[in-house]
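Colleague: What follows is each chain in one-letter form.
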Amino acid sequence: MEGQPKSSFLEPLKQVYETKYKLLMFITIGLLIFSLGVLAYQKATTGEFIQKDVSLKGGLMVQLQTDRQFDTEQLAGQISKELGVTANVKSLSALAGQPLGYTIELEKTNSKTALAAIEKITGVPSSTYTVEESSSTLSESFFRSVVKSIVIAFVFMSAMVFLYFKLPFRSFAVILAGFSDLIETIALMQIFGIKLSTGGVAALLMLIGYSVDADILLSARGLKQQHTSTMDAIYSSIKTGLTMQITAVAALAVLYIATPAAMLKQISIILIIGLCVGMLNAWIQNAGLLRIYLDWRKEHGRA
Amino acid sequence: MVELKENPAVKILTSWRVIILILFLLASYVAISPKFGETGLQISDVKYNSSAQINGLPTNVKLQAVNDQLVTSLPEFNDKTSNIKQGDLVRVETNKGTFVFKAGTFENAPDLGFTVKKIPKSNLQQGLDLVGGVRVLLKPEGELTQQQFADVVDITTKRLNVFGLKEINVRQVSDLEGNRFLLVEMAGTTKGEAVNLISQQGKFESKIGNESVFGGPDIKQVSRSSQEGAGIQTCNEAQGSGWLCRFSFPVTISIESAKRHAAITGALDTQLVGNEQYLSKKLDLYLDGELTDSLYISSSLKGLETTTFTIQGSGTGNSKQEAFTDALANMKKLQTILITGSLPVKLDIVKTDVISPALGKEFLRTTIIALIVAVIAVGLILAVRYRRAEIAIPIMLTSLSEILIIFGIAALIKQSIDLAAIAGILATVGTGVDAQLVITDEVLAGGQQAAYNWKEKLKRSFFIIMGSYSTVIAAMIPLLLIGAGLLKGFAIVTIIGATIGVFVTRPAYARIIEVLLSK
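So the sequences go chain by chain: S and W. One point on numbering: in the numbering used here, the residue at position 67 of the first sequence is 67, and numbering is uninterrupted. One point on numbering: in the numbering used here, the residue at position 130 of the second sequence is 130, and numbering is uninterrupted.
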């Protein structure tokens, strides 16, 4: 690989990365444990591992398009007072922050009275609203299948990795990276207050398949030994893999900023978070495990 | 000749992998068949049981002329058809033949029995969340056989059709837990009444005392025009508050029901109400077990075998106008239900989405801009990373071909492009770029292992690519099955895109990059 990082300011970083890799792995292990803690805390305080929006919890979501300006807190207060249920208001903006309207989320309520109340308060005719109403029974069964499908997807993905590498230890490292990506992404969503919606489910499933790409690349290059040294293989993987991750994050960030569609916003932010934690898990955790494995293999004379 | 063979362009274009890609691109273009500058109208919808339908007028054919006058735009169509009256013969010329039928009537206005729309710009269908409309998910109460479910789909489609809605899509969907749902999508409308209409089982019954006179299936014909006596009869200010308007419309019932009516009324006494003589018991109308109206029976009908009945009902509102509109809507709903019959079970609405067309348009516009900017951003990153146009440009072109082929296949299998599908496209293009990076870097990694030949290098990159392909597909399969198919668009597009990427675009890219870099 002609292109080992040449810049001198990277040298100290490289020093640490090459020599203290076992220590660095504590960062990712710590992150995983912390994330599991976040989910446990979430479960203990709210009864659920994941905060869900109305599409997965049941309730009403109203999007209205208007030029009028409202204070979101005040609007939420007015609506809650009128209807006697918790209301959540977010402003909806198009490209470059151009205001487009508002999204109002309401827990279980009668949609007719809710729409009438919103019309009364905002003055925007209810016939122009975009309304999403889900019954709690459907949402509950939907969420159950979401959990099931995430488990199934994860099992499928793991099976594929196993079939692929046929080496238990390497497969395990890739699957662990995939697991960490998923758990840490969900935990960060809880911390940032991102409530999972139907679209987000698609993103989480995508993430299961997508986030291990860098790990597969690393393992494939590390094991095929076309490189002179393990570090060579790792650096060449980092070069390709980081470009992959950065281009994806850049494209998703553009989508996140530009689109007013809640579904696309959620899909992009979940994939961004997942790819970012994926960088840590691939280049610190998985690379560390790869080195430990290759060292062990050398010691046992099976190079 | 030798020189020609050495020409990179020739080398690329004669590679079978590139030829396959080009064939796919051409096929996709045909499948999408974008019609630049195409004007004109097509038949978008033919009303159930209308003269137009009976006389075989098909949908999705190009409309050329109405009554021998050329028609190319909506205003022209409205202008040329405005003087057609009920009962007039209509002659419609299309690119699939000429059809002649009689104009009918709908809501007291002449009705052609068909609707038109502009010919779409391509075969790509836009999803409901981009064009606006109503999506309702309903769950039947209790178990249904496959035949019963098919009936539910059929009756619901007819109801919406008779109700006057177009571009409707009714189908059965199921989820991972084995629950079956009825999914109803109505594009381009935000009408709330329609939602009400679908969830109504529609079991109609009329009784005198405890005895049934006639039910829904006994009704042979329902009159809907004012000429036939259907309409709002009276409007009064109700006691206390608001207004009440009454509607009525005649129906024709079977001979057996008429005989039953004669037998039951023959045994009744008469009584004086106000100045009129009525029978001692009323005719009670029930819809789904709920009493909707009670009508006095004129004494002149006692023991009479009559097949013509008048069904009545009412609507209320805060103003006269509101009550009038409500009564009219209730009448239309009842007529629709009586015409199309009842459903085998009651359906519960479990999810309703009403999407405003204006917001959908805005979503589409901003999302397209976002995608273009995203592609440019990726291009810039690649330009910075490789500093070579012969790498960045093929990568971008390959990604664009992937998008085109995804659209082509979507048009072919009639998968509409909704927001979720757009997200799926972005995701696959993302993974596609990743795979091309893997190929490029493997190819560039020449220096230390000059011994490795091209074949070996490409084999190695495809090992990595197949690995990530299989994990993505594995993760997408459950998504096909959950959520009553609401995320199917994302899953299908992602699977198509990833598959095309692995088997079509990436092999071609590998060949192109091989030629360009092996100089």
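These aren't lab readings, by the way, just hints derived from the structure by calculation. C-beta atoms are modelled at their ideal positions from N, C-alpha and C, and glycine is treated no differently. A few of these clues could be false.
[As the list claims (entries may be wrong)] With a straight-line cut-off of 25 Å between C-alpha atoms, the simulated DSS-like cross-links for lysine-lysine are:
1. W/Lys488 with S/Lys265
2. W/Lys121 with W/Lys102
3. W/Lys117 with S/Lys90
4. W/Lys207 with S/Lys112
5. S/Lys224 with W/Lys346
6. S/Lys108 with W/Lys346
7. S/Lys52 with W/Lys96
8. W/Lys96 with W/Lys62
9. W/Lys455 with S/Lys148
10. W/Lys85 with W/Lys121
11. W/Lys320 with S/Lys239
12. W/Lys220 with W/Lys259
13. S/Lys166 with W/Lys320
14. S/Lys112 with W/Lys117
15. S/Lys166 with W/Lys346
16. S/Lys52 with S/Lys166
17. S/Lys112 with S/Lys81
[Said to hold, decoys possible] Sample of chain W residues lacking proximity to chain S, with all beta carbon distances greater than 12 Å (derived):
18. Lys139
19. Val195
20. Lys333
Colleague: Now tell me, hint by hint, if it's right for this structure.
Modeller: Here's how the hints hold up against the structure:
1. A distance of roughly 19 Å separates the Cα atoms of W/Lys488 and S/Lys265; the hinted pair therefore holds under the 25 Å criterion.
2. For a cut-off of 25 Å, the pair hint linking W/Lys121 to W/Lys102 is broken: about 31 Å separates their Cα positions.
3. With a C-alpha separation of about 37 Å, the suggested pairing of W/Lys117 with S/Lys90 is violated against the 25 Å cut-off.
4. With a CA separation close to 33 Å, the supplied pair W/Lys207 and S/Lys112 exceeds the 25 Å bound.
5. The suggested pairing of S/Lys224 with W/Lys346 is violated, with an alpha-carbon distance near 62 Å, which exceeds 25 Å.
6. Annotation: proposed proximity of S/Lys108 to W/Lys346 holds, straight-line Cα distance about 22 Å (limit 25 Å).
7. Only pairs whose Cα atoms come within 25 Å are accepted, and S/Lys52 paired with W/Lys96 is rejected, the gap being roughly 52 Å.
8. Between W/Lys96 and W/Lys62 the CA atoms are separated by roughly 8 Å; this keeps the pair inside 25 Å, and the hint holds.
9. Among the hinted pairs, W/Lys455 with S/Lys148 is inconsistent with the structure: their alpha-carbon atoms are about 41 Å apart, more than 25 Å.
10. In summary, the hint linking W/Lys85 to W/Lys121 is not supported, as the alpha carbons are separated by about 33 Å, beyond the 25 Å threshold.
11. A hinted pair counts as satisfied when its Cα atoms are at most 25 Å apart, and W/Lys320 with S/Lys239 does not qualify at roughly 74 Å.
12. As the CA atoms of W/Lys220 and W/Lys259 are separated by approximately 15 Å, the hinted pair is consistent with the 25 Å bound.
13. Distance check on the hinted pair: S/Lys166 and W/Lys320 sit about 77 Å apart at the alpha-carbon level, beyond 25 Å; violated.
14. Restraint check for S/Lys112 and W/Lys117: the C-alpha separation of about 32 Å exceeds 25 Å, so the hint is violated.
15. Between S/Lys166 and W/Lys346 the CA atoms are separated by roughly 53 Å; this puts the pair beyond 25 Å, and the hint is violated.
16. Among the hinted pairs, S/Lys52 with S/Lys166 is inconsistent with the structure: their alpha-carbon atoms are about 38 Å apart, more than 25 Å.
17. With a C-alpha separation of about 16 Å, the suggested pairing of S/Lys112 with S/Lys81 holds against the 25 Å cut-off.
18. Not every Cβ of chain S is farther than 12 Å from the Cβ of W/Lys139; the closest lies at roughly 7 Å, contradicting the non-interface assignment.
19. The Cβ of W/Val195 does not lie farther than 12 Å from every Cβ of chain S; its closest approach is about 10 Å, which violates its non-interface assignment.
20. Every Cβ of chain S is farther than 12 Å from the Cβ of W/Lys333; the closest lies at roughly 17 Å, confirming the non-interface assignment.
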